[in-house]
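S.K.: Listed here are the chains, written in short residue letters.
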Amino acid sequence: EAQVTQNPRYLITVTGKKLTVTCSQNMNHEYMSWYRQDPGLGLRQIYYSMNVEVTDKGDVPEGYKVSRKEKRNFPLILESPSPNQTSLYFCASSLLAGGFGNEQFFGPGTRLTVL
Amino acid sequence: GDSVTQMEGPVTLSEEAFLTINCTYTATGYPSLFWYVQYPGEGLQLLLKATKADDKGSNKGFEATYRKETTSFHLEKGSVQVSDSAVYFCALHLYAGGTSYGKLTFGQGTILTVHP
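Chains as they are written, first to last, in my numbering: chain A, 1 to 115; chain B, 1001 to 1116.
If you're looking for bench data, these hints aren't it; they were derived computationally from the structure.
Just so it is clear, CB atoms sit at the ideal spot from N, CA and C, and this is done for glycine as well.
Be aware that a few hints might be false.
If you want a taste of the chain B side facing chain A, the calculated C-beta under 10 Å gives, among others [to be verified]:
{"#": "1", "residue": "1018"}
{"#": "2", "residue": "1028"}
{"#": "3", "residue": "1032"}
{"#": "4", "residue": "1034"}
{"#": "5", "residue": "1036"}
{"#": "6", "residue": "1042"}
{"#": "7", "residue": "1043"}
{"#": "8", "residue": "1044"}
{"#": "9", "residue": "1068"}
{"#": "10", "residue": "1089"}
{"#": "11", "residue": "1090"}
{"#": "12", "residue": "1091"}
{"#": "13", "residue": "1093"}
{"#": "14", "residue": "1107"}
{"#": "15", "residue": "1108"}
Which residues of chain B face chain A? A partial, calculated answer using Cβ under 8 Å [what the hints assert, rightly or not]:
{"#": "16", "residue": "1046"}
{"#": "17", "residue": "1103"}
{"#": "18", "residue": "1104"}
{"#": "19", "residue": "1106"}
{"#": "20", "residue": "1109"}
Construct all of the structure, not just a fragment, from the sequences and the given hints.
M.R.: Now the structure itself:
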């Protein structure tokens, strides 16, 4: 089954404790992206990757890191989490970055709480 | 910058009622437009899309028409069901050729609850 998977689905942590949220897709997509969802704000892009070893900042990159060593994986790293990073996080992928009407496929989400 | 504005929710309807969720956009170019749906506890799924003016996207009884003159992409369904209860997001993607990076710009989402 074609899908985007994320782990963990739920995570409660404390300020300053490094964490990684994994994302993997099995569709051979070139483009991957991380979004965070906050009430009243919709989804905002954190980082994206056009292909292996190519990553760039989205609209809200502060406090996050990413890497793209393999095509299928795109982990999100919080080196020193803070309470304002409490949010619902989504990983997404698409075949290509550009093109008209290019559909993005979303993972199930990771709900992160930073105390 | 590019932006999407959705009607404020939540929206509560009875089964078989008519649904409209308004969406308007601002974009510097000529975007593709999408409606995504998020069912409770799940990720976003593409509901429908339109890539050029006057295109109508449709799926599962939902429809939306790309109106360039009013910069709108309103979502409609003639008869909602309880199973349509979800959060609906309007989004745009602006393809700028070589400089495009695939970002979707989302509205804030509209919560729809349908009662039997």
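S.K.: Hints first: check each against the structure and report whether it holds.
M.R.: Tested hints:
For residue 1018 of chain B, the interface hint is violated, the least distance from its beta-carbon to any beta-carbon of chain A being 25 Å, above 10 Å. Annotation: interface hint on residue 1028 of chain B violated; nearest CB of chain A at approximately 15 Å, more than 10 Å. For residue 1032 of chain B, the interface hint holds, the least distance from its beta-carbon to any beta-carbon of chain A being 5 Å, beneath 10 Å. Hint status for residue 1034 of chain B: holds, given a least beta-carbon distance of 8 Å to chain A, under 10 Å.
With a least beta-carbon distance of about 8 Å to chain A, the hint placing residue 1036 of chain B at the interface is held under the 10 Å criterion. With its C-beta approaching chain A no nearer than about 6 Å, residue 1042 of chain B sits inside the 10 Å limit, and its interface hint holds. The closest approach between the C-beta of residue 1043 of chain B and any C-beta of chain A is roughly 4 Å, which is under the 10 Å cut-off, so the hint is satisfied. Annotation: residue 1044 of chain B was flagged as interfacial toward chain A, and the flag holds, the nearest CB pair being 4 Å apart, inside 10 Å.
Below 10 Å, beta-carbon pairs count as interface contacts, and residue 1068 of chain B has none with chain A, the closest being about 14 Å; its hint is therefore violated. The restraint placing residue 1089 of chain B at the interface with chain A holds, with a minimum CB-CB distance near 6 Å, inside the 10 Å limit. The criterion of a C-beta within 10 Å of any C-beta in chain A is met by residue 1090 of chain B, whose closest approach is roughly 9 Å, and the hint holds. The interface hint given for residue 1091 of chain B holds, since its Cβ lies 8 Å from the closest Cβ of chain A, which is under the 10 Å cut-off.
Below 10 Å, beta-carbon pairs count as interface contacts, and residue 1093 of chain B has one with chain A at about 7 Å; its hint therefore holds. Taking 10 Å as the C-beta cut-off, the interface hint given for residue 1107 of chain B holds, the closest approach to chain A being about 5 Å. At its closest, the beta carbon of residue 1108 of chain B sits 5 Å from a beta carbon of chain A; the interface hint therefore holds under the 10 Å criterion. Because the smallest distance between the Cβ of residue 1046 of chain B and any Cβ of chain A comes to about 5 Å, under 8 Å, the interface hint for this residue holds.
Annotation: residue 1103 of chain B was flagged as interfacial toward chain A, and the flag holds, the nearest CB pair being 5 Å apart, inside 8 Å. Here the hint on residue 1104 of chain B is kept, as its CB sits about 6 Å from the closest CB of chain A, short of 8 Å. Against a cut-off of 8 Å between C-beta atoms, the interface hint on residue 1106 of chain B holds, since the closest Cβ of chain A lies about 4 Å away. Interface hint at residue 1109 of chain B: satisfied, since its Cβ lies 6 Å from the closest Cβ of chain A, which is below the 8 Å cut-off.
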